[in-house]
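A.B. asks: Read top to bottom, the protein sequences are chains X and S. Heads up: the first sequence begins at 1 in the working numbering, then just goes up one per residue. Heads up: the second sequence begins at 204 in the working numbering, then just goes up one per residue.
Think of the hints as simulated: they come from the structure by calculation, not from any bench. Hints should not be assumed to be uniformly reliable.
[Claimed, not checked] Which chain X residues face chain S? A few, computed with CB under 10 angstroms, are given here:
{"id": "1", "residue": "V139"}
{"id": "2", "residue": "A148"}
{"id": "3", "residue": "S180"}
{"id": "4", "residue": "D181"}
[Unchecked claim] The list that follows gives simulated cross-link-like pairs (lysine to any residue, SDA-like), each with its CA atoms no further than 20 angstroms apart:
{"id": "5", "chain 1": "X", "residue 1": "K28", "chain 2": "S", "residue 2": "D225"}
{"id": "6", "chain 1": "S", "residue 1": "K250", "chain 2": "S", "residue 2": "T228"}
{"id": "7", "chain 1": "X", "residue 1": "K47", "chain 2": "S", "residue 2": "R294"}
{"id": "8", "chain 1": "S", "residue 1": "K250", "chain 2": "S", "residue 2": "R294"}
All C-beta atoms, glycine included, are put in the ideal place defined by N, C-alpha and C.
Number of protein chains: 2
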Amino acid sequence: MQLRRSDVVTGALTLLDTEGLDGLTMRKLGAHLGVQAGGIYWHFANKQALLAAMADRIIAPVATEPLPDAPWDAQLTELGQRLRHALLKHRDGARVVAGTYVIEPNTIRAGEQALRILITAGFPADRAAWVMAPVFYYVLGHTIEEQAQHAEGDWTERNSDEADPALQTAMTSMLSAAPSDRFTFGLNLFLDGLRHRLPHSPA
Amino acid sequence: MQLRRSDVVTGALTLLDTEGLDGLTMRKLGAHLGVQAGGIYWHFANKQALLAAMADRIIAPVATEPLPDAPWDAQLTELGQRLRHALLKHRDGARVVAGTYVIEPNTIRAGEQALRILITAGFPADRAAWVMAPVFYYVLGHTIEEQAQHAEGDWTERNSDEADPALQTAMTSMLSAAPSDRFTFGLNLFLDGLRHRLPHSPA
Numbered sequence: 001m002q003l004r005r006s007d008v009v010t011g012a013l014t015l016l017d018t019e020g021l022d023g024l025t026m027r028k029l030g031a032h033l034g035v036q037a038g039g040i041y042w043h044f045a046n047k048q049a050l051l052a053a054m055a056d057r058i059i060a061p062v063a064t065e066p067l068p069d070a071p072w073d074a075q076l077t078e079l080g081q082r083l084r085h086a087l088l089k090h091r092d093g094a095r096v097v098a099g100t101y102v103i104e105p106n107t108i109r110a111g112e113q114a115l116r117i118l119i120t121a122g123f124p125a126d127r128a129a130w131v132m133a134p135v136f137y138y139v140l141g142h143t144i145e146e147q148a149q150h151a152e153g154d155w156t157e158r159n160s161d162e163a164d165p166a167l168q169t170a171m172t173s174m175l176s177a178a179p180s181d182r183f184t185f186g187l188n189l190f191l192d193g194l195r196h197r198l199p200h201s202p203a
Numbered sequence: 204m205q206l207r208r209s210d211v212v213t214g215a216l217t218l219l220d221t222e223g224l225d226g227l228t229m230r231k232l233g234a235h236l237g238v239q240a241g242g243i244y245w246h247f248a249n250k251q252a253l254l255a256a257m258a259d260r261i262i263a264p265v266a267t268e269p270l271p272d273a274p275w276d277a278q279l280t281e282l283g284q285r286l287r288h289a290l291l292k293h294r295d296g297a298r299v300v301a302g303t304y305v306i307e308p309n310t311i312r313a314g315e316q317a318l319r320i321l322i323t324a325g326f327p328a329d330r331a332a333w334v335m336a337p338v339f340y341y342v343l344g345h346t347i348e349e350q351a352q353h354a355e356g357d358w359t360e361r362n363s364d365e366a367d368p369a370l371q372t373a374m375t376s377m378l379s380a381a382p383s384d385r386f387t388f389g390l391n392l393f394l395d396g397l398r399h400r401l402p403h404s405p406a
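Put together the whole structure using the sequences plus the hints.
C.D. replies: Okay, here's the thing in structure tokens:
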């Protein structure tokens, strides 16, 4: 029975969930799949190539489900929410995607969806990617920290006696909130900026 | 001659620059410092603790230089720019900081600076951190991708025949620009969102 490329990716994602990104090695993956390392390298020249394929599989749900018929900002919000959910589905999912600068089919498709939304909304083609990229970076940055925070405990436990009261209020108010609420708040901040950049926007 | 905690961090950052985050091991660090692994573990219980100390050292310049006397949005922009520069100073600097969810002195000090700027500008204390966090996440996400892109080559080389013309224009326009320009553009998008959230803003 031949080892298929997609089986390697599936196995690597299973191993990612149990071992985390730092524990994922080609050796352990071989053992998990019951093959020699050579069987993996036949499909992926190195770990970086495997990580790119894993990242692209993680992003697949963002790229393939059709978007609701809605205004451009609602569609972009939906894409951002889907991306966060997709990253959260796997342990260290955001770190896998962020570290690989992925140029794979689903990643390109997801990016194209976002660009089409922005161009249709009225952003000039030569500005659309400038506007899309920061949203993508925000989602990555938020989700990396969300997954790291989960692993490492939280700020309030570790610093309750250090900060001054106003700063304490500020941090506690944020860190006691659901990550999904904080995520949506930040995404919306960005979209506020976009709405005001849109030419002929009804402001 | 006793190995000091700060020497371990300095050595780890030197090694980071030559080996990258994936190549940084406690074993290599011991060899680099000319000590047994035990000498390192005396200061850091595990690699995660070492990475947190490295992240905090990377962020130090953001926390320690005083800010210019300027409007709140210019000060926040300055903090964001400083953070990007600090992350870029070391190979994989952004990944080190993003992966560790750092709760160390310089990181806290830098966060407190940002919170004070926002609170002084008029954001309520219980919203200031909600507003600060997305800016931080954007800087992290941008800089991780900026450092990964540098390592992996660029999109235009690899996809010139795949995308449709408008999307091609969009991507080329962004990717041919200087990362610092794209960074500033995205930071400003965020600040536009913030300016419109500020109570009693003269908008």
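A.B. asks: Are the hints correct? Go through all of them and say.
C.D. replies: Status of the hints after comparison with the structure:
no.	hint	verdict
1	V139	holds (7 angstroms)
2	A148	holds (4 angstroms)
3	S180	violated (13 angstroms)
4	D181	holds (9 angstroms)
5	K28(X) with D225(S)	holds (16 angstroms)
6	K250(S) with T228(S)	holds (8 angstroms)
7	K47(X) with R294(S)	holds (19 angstroms)
8	K250(S) with R294(S)	holds (17 angstroms)
Violated hints amount to a single one, hint 3; each of the other numbered hints is respected by the structure.
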